[in-house]
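Taking the hints into account, I'd like the entire structure generated from these sequences.
Below, each chain spelled out in residue letters.
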Amino acid sequence: MQDPSSTDIVVPQSARFNTPLCLKSGAVLENYELVYETYGELNATKSNAVLVCHALSGNHHVAGSYADSPKSVGWWNNMIGFDKSIDTRKFFVVGVNNLGGCHGSTGPASINPKTGKCYGADFPVVTVEDWVQTQARLADHLGINQFAAVGGGSLGGMQALQWTLDFPERIRHALVIAAAAKLTAQNIAFNDVARQAIITDQDFHGGDYYSHGVVPRRGLRLARMLGHITYLSDDSMAAKFGRELRNGALAFGFDVEFEIESYLRYQGDKFVDQFDANTYLLMTKALDYFDPAHQHNNDLGAAFRAAQANFLILSFTTDWRFSPERSRAIVKALLDNDLNVSYAEITSSHGHDSFLMEDRHYHKLVRAYMDNIAT
Amino acid sequence: MSSNIDQPVFNVMNKLNISTTVSRPDFAAIAAWIKPCSKVLDLGCGDGSLLRFLRDTRDARGYGVEIDDANILACFNNGVNVIQSDLESGLLSFESGSFDYVVLSQTLQAVKNTENIVKEMLRVSKEGIVSFPNFGYWRNRLQVVSGHMPVSETLPYQWFDTPNIHNCTLGDFEEFCRQHGARILERRVMNRDHQITFLPNLMGMLAFYRFEKQK
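So the sequences go chain by chain: A and B. Okay, so the first sequence: first residue is 3 according to this note's numbering, each after it adds one. Okay, so the second sequence: first residue is 5 according to this note's numbering, each after it adds one.
Quick caveat, the hints were computed from the structure, so don't treat them as lab data. Be aware that one or more of the hints could be misleading.
Result set (SDA-like, lysine to any residue): computed pairs, CA atoms no more than 20 Å apart in a straight line [claimed, not checked]: (1) B/K43 x A/N339; (2) A/K366 x B/N81; (3) A/K334 x B/K217; (4) A/K334 x B/S102; (5) B/K217 x B/T118; (6) A/K334 x B/D90; (7) A/K366 x B/D72; (8) B/K130 x A/D340; (9) A/K334 x B/T118; (10) A/K366 x B/T118.
Chain B residues, not near chain A, derived (Cβ > 12 Å throughout) [to be verified]: (11) R65; (12) K116; (13) N120.
Owing to the predicted nature of the structure, the values given are computational and were not obtained by experimental measurement. Where a beta carbon is used, it is the ideal one built from N, C-alpha and C, also for glycine.
Spelled out as C-alpha cells, the structure:
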C-alpha cells in the first residue's frame with residue numbers, strides 16, 4: 003500500500019494536439035494544448051480510469067496539492083484521494099482544464115499562432131460537445147480506451163452526460179451530480195447578467211483587454227458576486243450571515259455594512275485575481291448551449307437512445323440553480339431507455355455548492371457506488 | 005376465494021432450483037413467481053436485498069423505489085438500481101407497461117394512498133405482486149379479542165409507533181382487488197417457511213398475491 007501522503011503531491015502535465023479540431027460553431031482550432039493532472043495508477047488493463055470534469059470556475063487541479071504550495075489543495079480533494087470516496091488506490095483519476103480555460107489549457111489568454119498575439123475575442127465559442135471531443139483525444143493520448151467513469155458536478159455533470167451520447171462505448175459509468183440536461187430561462191438570465199457585467203466594463207475592450215494591459219475587474223467581480231448568490235441557498239446564507247453588521251451599527255451609507263456584503267465582495271475580489279473574464283464568458287455560453295434534447299424535438303428520452311452507460315444521478319434538496327427536478331428529468335429519460343440508473347436526492351442546506359461540500363451521506367453514496375464499479 | 009389458487013410454492017421453487025432454506029422465505033416465494041430475465045420494479049425496496057436476490061436467482065433486472073436515506077445507501081452497497089422518491093407521489097417517472105412485474109413487498113399496509121398505488125402498479129406493469137402481514141392471523145385475532153392491538157413477528161410495532169396504517173386480511177384484500185379492477189392470478193399464504201393451505205385467513209402470517217389488470 004502506498005504511503006497516503008505521497009499521493010497528495012501532484013504535478014500538472016500538458017499534452018499538445020496538432021490534429022485540427024472542428025468545433026460545433028464551425029470554427030476550427032488548428033492545434034491546442036490541454037493541461038491535466040492524474041492521481042493513482044492506471045492498471046495493466048487500463049480499465050480503472052476516471053475522468054473528472056470541472057464546472058464553471060474549476061480546473062484540472064482536482065485533488066492533492068503542489069509540492070511548492072501546500073495550501074493549493076484541489077477543488078474536489080474531499081472526494082478524491084487515498085481512501086476517499088473516489089479512492090486513488092483503486093482508480094486512476096484524470097483532471098483536465100477544459101479548452102478555453104485560463105489555467106494552462108489553450109484559451110483566450112493564449113497566444114494565437116496566426117497573429118502572435120493573445121486570442122482575446124478571436125477565441126471561438128466552445129461547447130460541452132467540443133470539450134468531450136478534446137477529452138477523448140486526451141484519453142487516446144493517455145492510452146485509455148474506456149473510462150470506468152466520467153463524472154462531475156454542475157457543468158461537469160453535463161460533460162459526463164455528453165460523454166454517454168458521443169462515446170457510448172468509451173464510458174461505463176456516468177456520475178452526474180447537481181446537473182441538468184439543459185438550463186432554464188432563469189439560469190440563462192443569470193448567466194447573461196454576468197456576461198453583461200463583464201462586456202460593459204470599460205476595461206473589457208471587446209475582449210482584447212490583454213493588449214491594453216488591463217482586466218475588466220469590475221465586471222468579472224460583479225459576475226462572480228451574482229453567481230455566488232445563486233450557488234448558495236437562502237437558508238445557508240441566513241445561517242452564515244443573517245443580518246449581521248460588520249461594525250455593529252448602521253452607518254447610513256453605501257460602504258460595506260452587512261456581513262454578506264463583505265463576504266461577496268471578498269469572493270469577487272479573490273476570483274478576479276485567479277480567473278480570466280473571457281473564459282468566464284465562454285464557460286457560461288457552454289452552459290447555456292447545452293441541450294442534448296434539442297436535436298430530438300426536445301425529447302430527452304430520444305436523446306439518450308444512444309447511451310449505454312450506467313448512471314449515478316445525485317441532486318441536493320436546496321439547490322435551486324440546478325434543482326432536484328432537473329435531475330429527475332434526466333432520471334426519467336434514462337428509465338425510458340431501460341438504462342441502469344440510481345438516483346439520490348441528498349438533504350443539504352448548501353444549495354448548488356453542496357456538490358463541493360463535505361457531507362457524510364453524500365460521500366458514502368459515492369464511495370458505495372464507486373466500490374461496486376472498481377474492477 | 006377457494007384455496008385452489010394456492011399453488012404449492014415449494015414444488016415451484018424446487019423446479020426453479022431455489023433453495024428453500026434461504027433466510028428469507030418471503031423472498032423465495034416472490035422469486036418463484038418471477039420468470040427468468042424479467043424486468044422488475046420494487047416499490048419501497050428497503051435495502052435492495054429482494055432486488056439483489058431476484059438478480060442472483062432469477063437473473064432479473066430493474067429498479068427499486070425508496071425514500072429513506074439509509075436504505076438508499078444500503079441499495080448502493082447491494083449494487084442494485086434505486087430511485088429515491090416518495091411512492092405516495094405516484095410513479096410518474098415510469099412509463100405505462102414498462103415492467104414485467106411490480107413488487108410491493110410488505111409495504112402495502114404502510115402506504116397512505118393504497119388505491120392509487122395499486123392503480124399505478126397496474127399501469128406500469130403487466131403483473132403486480134404484493135405481500136402483506138395477514139391481520140386475520142389467529143394470534144392477531146386473539147390479541148384483539150383479549151383487548152389489545154396485535155404485536156407479532158410480522159406486525160412488530162406498538163399501536164402508537166406503527167407505520168402500518170392500512171392493515172388488512174386476506175378477505176379484505178381480495179375484496180379490494182375485485183372492486184379495483186385487479187384480477188388475482190395466484191395466492192400464497194405462508195407461516196414462516198411453511199405454506200398454509202388450510203384456513204389460510206386464520207392460519208397464515210404472510211399473504212402473497214400475483215395479479216393483473218382485469219381485462
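Against the structure, the hints:
Between B/K43 and A/N339 the alpha-carbon distance is near 13 Å, which keeps this suggested pair within the 20 Å criterion. Restraint check: the Cα-Cα separation between A/K366 and B/N81 comes to about 10 Å, which is no more than 20 Å; the hinted pair holds. With a C-alpha separation of about 24 Å, the suggested pair A/K334 and B/K217 falls outside the 20 Å cut-off, and the hint is violated. Our distance criterion of 20 Å between C-alpha atoms is met by A/K334 and B/S102, whose separation comes to about 12 Å.
Simply put, B/K217 and B/T118 have alpha-carbon atoms about 16 Å apart, close enough for the 20 Å limit, and the pair holds. For the hint pairing A/K334 with B/D90, the CA-to-CA distance comes to about 15 Å; that is within 20 Å, so the pair holds. Proximity of A/K366 to B/D72 is assessed by CA-CA distance (about 15 Å); at most 20 Å being required, the pair is judged to hold. Distance hint between B/K130 and A/D340 is fulfilled; the C-alpha atoms sit about 16 Å from each other, no more than 20 Å.
As the CA atoms of A/K334 and B/T118 are separated by approximately 24 Å, the hinted pair breaks the 20 Å bound. Restraint check: the Cα-Cα separation between A/K366 and B/T118 comes to about 33 Å, which exceeds 20 Å; the hinted pair is violated. Distance check on B/R65: its Cβ comes as close as 8 Å (rounded) to a Cβ of chain A, failing to clear the 12 Å threshold; non-interface status is violated. No Cβ of chain A comes within 12 Å of the Cβ of B/K116; the nearest lies about 20 Å off, and the non-interface call holds.
For B/N120, the condition that its CB be more than 12 Å from all CB atoms of chain A holds, with the nearest at approximately 19 Å.
Of the numbered hints given earlier, the model fails hints 3, 9, 10, 11; all others are met.
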